[in-house]
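Colleague: Each chain is listed here by its residues.
There are 2 protein chains.
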Amino acid sequence: MEYPPRVRALLDRAKADQGDAVAVRAKSERYEGILMPHTSFSGEDVLTVKLPNGYNIGIAVGDIESVEVTAKHTSSAVQRHLPSATGGKPTVAVLGTGGTIASYVDYRTGAVHPAVTAEELVFSVPELLDVCNVRARVIYSIFSENLKPENWQHLALEVAKELSTGAAGVIIPHGTDTLHFTTAALSFMLRDLTGPVVVVGAQRSSDRPSSDAASNLLSAARVSVANLGEVVAVMHGETSDTFGQIHRGTKVRKMHSSRRDAFRSLNATPLGRVHSDGTVELTDRALPRARGPTKVDDALDLKVALASFYPGQPPTQLEAILEGQHGIVIAGTGLGHVAHDLIPILHRATRDGIAVVMTTQTLQGRVSMRVYDTGRDLLKAGVIEGQDMTPETAYVKLMWVLGHTREHAEVARAMATNVAGEINPKIGLDEFAE
Amino acid sequence: MEYPPRVRALLDRAKADQGDAVAVRAKSERYEGILMPHTSFSGEDVLTVKLPNGYNIGIAVGDIESVEVTAKHTSSAVQRHLPSATGGKPTVAVLGTGGTIASYVDYRTGAVHPAVTAEELVFSVPELLDVCNVRARVIYSIFSENLKPENWQHLALEVAKELSTGAAGVIIPHGTDTLHFTTAALSFMLRDLTGPVVVVGAQRSSDRPSSDAASNLLSAARVSVANLGEVVAVMHGETSDTFGQIHRGTKVRKMHSSRRDAFRSLNATPLGRVHSDGTVELTDRALPRARGPTKVDDALDLKVALASFYPGQPPTQLEAILEGQHGIVIAGTGLGHVAHDLIPILHRATRDGIAVVMTTQTLQGRVSMRVYDTGRDLLKAGVIEGQDMTPETAYVKLMWVLGHTREHAEVARAMATNVAGEINPKIGLDEFAE
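Line order of the protein sequences matches chains A and B. Each residue of the first sequence is one higher than the last, beginning at 1 in our numbering. Each residue of the second sequence is one higher than the last, beginning at 1 in our numbering.
Among the hints, a few may not be true.
Given that identical chains are not distinguished, each listed pair holds provided it fits within a single copy or across any two copies.
[What the hints assert, rightly or not] Here are the simulated lysine to aspartate or glutamate pairs, DMTMM-like style, with alpha carbons at most 25 Å apart:
id : residue 1 : residue 2
1  : 426       : 323
2  : 148       : 377
3  : 148       : 319
4  : 380       : 341
5  : 303       : 323
6  : 148       : 373
7  : 303       : 319
8  : 15        : 410
9  : 15        : 281
10 : 15        : 45
11 : 148       : 298
I should point out that these hints are in silico values taken from the structure, not numbers from a laboratory.
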């Protein structure tokens, strides 16, 4: 895209053009880096400079005191179009869905808006192309809080299509808010994966200096060509940039609203790491690529609710939530409890053929309903133990299980059977809050 | 209480009686310790021995191969009644509410049942009496999942009564499941505390070798005589027994279903530690004892709901949850979001005078609704930011705030005003998952 007029005028005065190494002075700070091309997510009247650490910084033209060219046109970052596939490097599919990783800051309002094309997204991190050839498509441009279960089904089909037409792996840039719901859904729906399905997000948009968009996307690219046949989330491992964490899709959860290392594996250790030198380290728990073909089983029963118990919750509220549902996942307290005045309502629900699954709002640790009277009463009422699944993973799994059967014994058996690493039979001492 | 006949017969054969140092052989293991008296929570046909590490172990009579007396009657653990107050030591009130800390295992069924009297509870940890004189009452004997907001109100009045009649501090043994709801409620309801209000639980019942009941209760006693004027939760700091953690009542949450170090301060560091040598270390953020008198403000509006957003949540479900409520706390995603199809429902709710407060289901980090379009739309709809409060603390606070006013601007102002340490204006990097 052409630079907007004010940016163009500034660059013309400095005799600078995209790809040049520049030093920009703004608000008493000096920024050195490569002048990036203008894209639809650069923001109006914003100059984007790629810093030596790989981050893009967006500088408002109004704040710029000077631009100085320190070297002409040295970077590979200035290719205006994705290069065509080159021999030797695997081809990876990028399926854009939206979110912060594909967002830009509107400097007039300070708000973050979603970007438009997957090509722009890939192009903003040209180092990707050192790892793999990329074919990119935009599936959605949606903040992840607006994604629906129907979107998970569609996405599963698109992933399988890519893997069956030669993609060595699939990268899905995704909003972080509900990223772990999507990874869980894809984990249950996709079988015999011939390559990694890497869902990746950013906690800070790519126009902000602290953005994790570039480094997460680069980590995702490295994982996408590894010998891995699982759905994973790849995100920052800690607050600095030393490594990326590879989380199993059914065990990951967003545990902080803003930190770059917000994603954690719960009741399990991560499947591996992407080190800063680019190497991908996988534990031997990680499944290798399957011979394929990759199969899709996207049946979901959408009539499932997810509800947390709390002191003072009125029984009538639980009745209202159950209305018209085929299943419910409850995030109870502790080992899997609710107040005794709710148990008759759950008993009636199970008698009416509604599958009731108990998880814990502590998020970590296992549900264990044989220890206390409350749990035993719940088991007698036909409630199914959710093992060590997070409420979110149990919710997605119950939709998927009920998509195949509503027979109580079969549902109970399926919920207790490990399908995609969602049940960890023995939680280790080191598997807490990390 | 008398020993049950089978236990009595066994002890008579060994010429052993309570208070003796004994060596018991059972299931090929040898246990040395002090023979404890029988209590209503010892369990039927169970011999209780206090091990050198302070834990009580309950050994089923049927498993016992031999009992040998190694020393007669040397322990202070055999006093059958609580001693009357002695000079020099402060008197602390123990208000029993139930839970695992006051539970025993029924060896016939393997289930855990609540104990009956607070005296029995105190008596099981005689080291308490080295720290303070104790006056004990049972307020409830309830698993904490069954406690209601009305119980919090009653408990606040009882605490104030104890502090106004000479108690140097109050210890509340409590089930762990909803312990953090109770600490939050007492934090808002009690002002000008002349002494610590220490809510304490156990993750493993006192008849199990791994029980944390004794060590947590002893830590609680040490905190109860410290110079502290806050409501706190005192629980194990890590998996071994090196220290107890002192958590502010509004910042603590149960984060694991079974670990002894399940309780964590979120978006804040703990207020202090109880070291294994018995010393209590408090940070300078901890409020000292107030001159008093301690005031109670227990007004609560019970018409408040707590609900988590999830992808696929039907708008009709949210409408049903809002029915008849004066307020709702939502645990949204990320910085405080819900799907766009729910926003009109929340807008209608605020127009109808329902207070809507947004928190985050990540539990950690702050709600920040000015960053993305979704958040800005929610703010326009009249939704109040829940700052860095957990959903649970925000729920209790909203009940308390609505107990005083339903005027929107006042509610918004009160929710944004720090009352009891529930709002941390700046969350430090070390305040994550610990």
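Colleague: Against this structure, judge whether each hint is valid.
Modeller: Hints, one by one, checked against the model:
Proximity of residue 426 and residue 323 under a CA criterion of 25 Å is satisfied in neither setting, with 36 Å inside one chain copy and 42 Å between copies. In this homomeric assembly, residue 148 and residue 377 come within 25 Å of each other (Cα to Cα) only across copies, at 19 Å, whereas the closest approach inside a single copy is 34 Å. Taking the shortest Cα distances, residue 148 and residue 319 sit within 25 Å of each other both inside one copy (24 Å) and across copies (19 Å). For a Cα distance limit of 25 Å, the shortest separation of residue 380 from residue 341 inside one copy, 15 Å, qualifies, whereas the shortest one across copies, 38 Å, does not.
For the identical chains of this complex, residue 303 and residue 323 are neighbours both inside a copy (10 Å) and across copies (21 Å), given an alpha-carbon limit of 25 Å. For a Cα distance limit of 25 Å, the shortest separation of residue 148 from residue 373 across copies, 18 Å, qualifies, whereas the shortest one inside one copy, 38 Å, does not. In this assembly of identical chains, the alpha carbons of residue 303 and residue 319 lie at most 25 Å apart whether taken from the same copy (15 Å) or from different copies (17 Å). In the homo-oligomer, the alpha carbons of residue 15 and residue 410 never lie at most 25 Å apart, since the shortest distance is 71 Å inside one protomer and 57 Å across protomers.
In this assembly of identical chains, the alpha carbons of residue 15 and residue 281 never lie at most 25 Å apart, being 45 Å within a copy and 63 Å across copies at closest. In this homomeric assembly, residue 15 and residue 45 come within 25 Å of each other (Cα to Cα) only inside a single copy, at 18 Å, whereas the closest approach across copies is 92 Å. Taking the shortest Cα distances, residue 148 and residue 298 sit within 25 Å of each other inside one copy (14 Å), while across copies they are farther apart (42 Å).
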